[in-house]
Amino acid sequence: MDPQVYKNIELVQFMSEVTGYKERGWRFVNLCGSSVGDQVELLCSFALDNQLENLSMLVSNGEQVPAISPLYPSAFFFENETRDLFGVQFEGTIIDFAGRFYPTSVPTPMNPTSVEAEAWGKGEEVPRG
Amino acid sequence: MADRTVIPFGPQHPVLPEPVHLDLVIEDEKVIEAIPQVGFIHRGLEKLVEKRDYKSFVYITERICGICAFGHSLGYSETIEALMAVEVPPRALFLRVIWHELSRIHSHLLWMGCLADGFGYENLFMQCWRLRERVLDIFERTTGGRVIFSAVNVGGVNHDISNEDLRGIVTILEDMKDEYQVLLKTFLLDKSVLSRLKGVGVLTKEKAVEYGVVGPFVRASGIPDDIRNFGYGGYGYLEDFEPVVSDDCDGHARCMVRAREVLQSIDIIKEMVSKIPDGEIMTKVKGSPADGSKAVSRLEQPRGESFYYAKGNGTKFLERFRIRTPTSINIPGMVFALQGCDLADVPLNILTIDPCISCTER
Numbered sequence: 001m002d003p004q005v006y007k008n009i010e011l012v013q014f015m016s017e018v019t020g021y022k023e024r025g026w027r028f029v030n031l032c033g034s035s036v037g038d039q040v041e042l043l044c045s046f047a048l049d050n051q052l053e054n055l056s057m058l059v060s061n062g063e064q065v066p067a068i069s070p071l072y073p074s075a076f077f078f079e080n081e082t083r084d085l086f087g088v089q090f091e092g093t094i095i096d097f098a099g100r101f102y103p104t105s106v107p108t109p110m111n112p113t114s115v116e117a118e119a120w121g122k123g124e125e126v127p128r129g
Numbered sequence: 130m131a132d133r134t135v136i137p138f139g140p141q142h143p144v145l146p147e148p149v150h151l152d153l154v155i156e157d158e159k160v161i162e163a164i165p166q167v168g169f170i171h172r173g174l175e176k177l178v179e180k181r182d183y184k185s186f187v188y189i190t191e192r193i194c195g196i197c198a199f200g201h202s203l204g205y206s207e208t209i210e211a212l213m214a215v216e217v218p219p220r221a222l223f224l225r226v227i228w229h230e231l232s233r234i235h236s237h238l239l240w241m242g243c244l245a246d247g248f249g250y251e252n253l254f255m256q257c258w259r260l261r262e263r264v265l266d267i268f269e270r271t272t273g274g275r276v277i278f279s280a281v282n283v284g285g286v287n288h289d290i291s292n293e294d295l296r297g298i299v300t301i302l303e304d305m306k307d308e309y310q311v312l313l314k315t316f317l318l319d320k321s322v323l324s325r326l327k328g329v330g331v332l333t334k335e336k337a338v339e340y341g342v343v344g345p346f347v348r349a350s351g352i353p354d355d356i357r358n359f360g361y362g363g364y365g366y367l368e369d370f371e372p373v374v375s376d377d378c379d380g381h382a383r384c385m386v387r388a389r390e391v392l393q394s395i396d397i398i399k400e401m402v403s404k405i406p407d408g409e410i411m412t413k414v415k416g417s418p419a420d421g422s423k424a425v426s427r428l429e430q431p432r433g434e435s436f437y438y439a440k441g442n443g444t445k446f447l448e449r450f451r452i453r454t455p456t457s458i459n460i461p462g463m464v465f466a467l468q469g470c471d472l473a474d475v476p477l478n479i480l481t482i483d484p485c486i487s488c489t490e491r
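Chains C and R, in that order, are what the protein sequence lines are. Those letters in the first sequence? Residues 1 to 129, by the numbering used here. Those letters in the second sequence? Residues 130 to 491, by the numbering used here.
Calculated pairs, DMTMM-like style, for lysine to aspartate or glutamate (alpha carbon to alpha carbon, straight line, at most 25 Å):
id	chain 1	residue 1	chain 2	residue 2
1	R	Lys180	C	Asp38
2	R	Lys334	C	Glu53
3	R	Lys336	C	Asp49
4	R	Lys306	R	Asp369
5	R	Lys413	R	Glu179
6	R	Lys404	R	Glu269
7	R	Lys336	C	Asp96
8	R	Lys415	R	Asp289
9	C	Lys7	R	Asp420
10	R	Lys180	R	Asp420
11	R	Lys445	C	Asp38
12	R	Lys314	R	Glu262
13	R	Lys336	C	Glu53
14	R	Lys404	R	Glu368
15	R	Lys334	C	Glu23
16	R	Lys399	R	Asp294
17	R	Lys159	R	Asp474
18	R	Lys334	R	Asp474
19	C	Lys22	R	Glu335
20	R	Lys334	C	Asp49
21	C	Lys7	R	Glu339
22	R	Lys176	C	Asp38
23	R	Lys336	C	Glu17
24	R	Lys176	C	Glu63
25	R	Lys176	C	Asp96
26	R	Lys399	R	Glu269
27	C	Lys22	R	Asp376
28	R	Lys404	R	Asp307
29	R	Lys334	R	Asp471
30	R	Lys336	C	Glu23
31	R	Lys159	R	Glu339
32	C	Lys22	R	Glu339
Chain C is nowhere near these chain R residues, computed Cβ spacing over 10 Å in every case:
id	residue
33	Val144
34	Trp258
35	Arg270
36	Ile395
37	Lys399
Think of the hints as simulated: they come from the structure by calculation, not from any bench. Since we're looking at a predicted model, the values are computed, not measured. No residue lacks a Cβ here, since even glycine has one placed at the ideal position from N, Cα and C.
Please work from the sequences and hints to get the whole structure.
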């Protein structure tokens, strides 16, 4: 079983933490979002051999998150995905699909403040724009 | 400087079993740049975790992909077991490894067939898929399903395999091994195979590290990254495990790694069958994941490392479930490996990373 290591950080610490992992030779594993109240919790994971560590931070709607894809090119996929599903805005993504990575039927369906996502959760008809 | 042309490639293409689109920037028949586009089959399966309780969601994870079905249900179950501190009975751990390695054999044989078909070696394609049928027959006999098995659940496995049937599986695999050696020789030494794959789609060790690629893709670039090496689940009972690695870094190296992994998987199954203990196959799991609980786990799928993340909220529905599949992290490396290759080599180059877009988009 993988070690369960989570580091709670602030958004301003994000780039310095990621740069630290890069300098120490860790590889990028995953970036994803989840809901916490009306904020999005970003989870960013890195691995070195059998070690696995996860950075966790809260992002409010409209906050800009620095992109890590200039450091870890494979992260561009996940930055575009998190933008489309959660509405998190990344600044400096190396291949930016500008919100057209996943063609979703409603905008940002996994954002906690999304009206459409809330309607879907209640089993109501989802308003389509 | 020659004129540059942009050629759209996919999402429908004869060699691509799954939809991925690339804009290929071409100069004198050489690829200068490739810009990927996915999103044609995004189904939002991760969101469905809000509507299915954590025990029945295992059946959704199996349906993420028809080839990695068993692996995804295993990865999901292991994550929930970590989330709820569930101890899995040893016999179930052994059975999980046996089915997982059978899945690897069927996935690699399917891929080898697709590759042979890609370079026009129809007979080789048919021989690979003929052998793969025997593995599917084993699945059918032991689980009742050939693609979706419903064999794993949180806490253990749903079906047992008798010790007699396990010995029968080893006999089938031993017979298969002799026939497979002939195919292996063709993939490794045949002139027509070498002419299409040798020196094509090179991804050096340095670039493999930079792009963070996983699975046979990274092992073919000389890096022995394999999650099975860390002894998770039943893999901890293996006497010795050495990842299959090649330093050649090209398309043929990726073919060689997968081809040899088939033999390695047969050996793992034999060892597991010889050591499997008797006993229970399922631990009863009660309650729901605690509010705010989190767990991550990794698994070596046939295509490479998969990452799973689950978050509880105190109810029987999870707050979040996430799968990061091998292809989603291999796409940037694939795009790099395409740079500088001939236009005619693009399809085979893409095939050599064994992309699975169903998993990637979920």
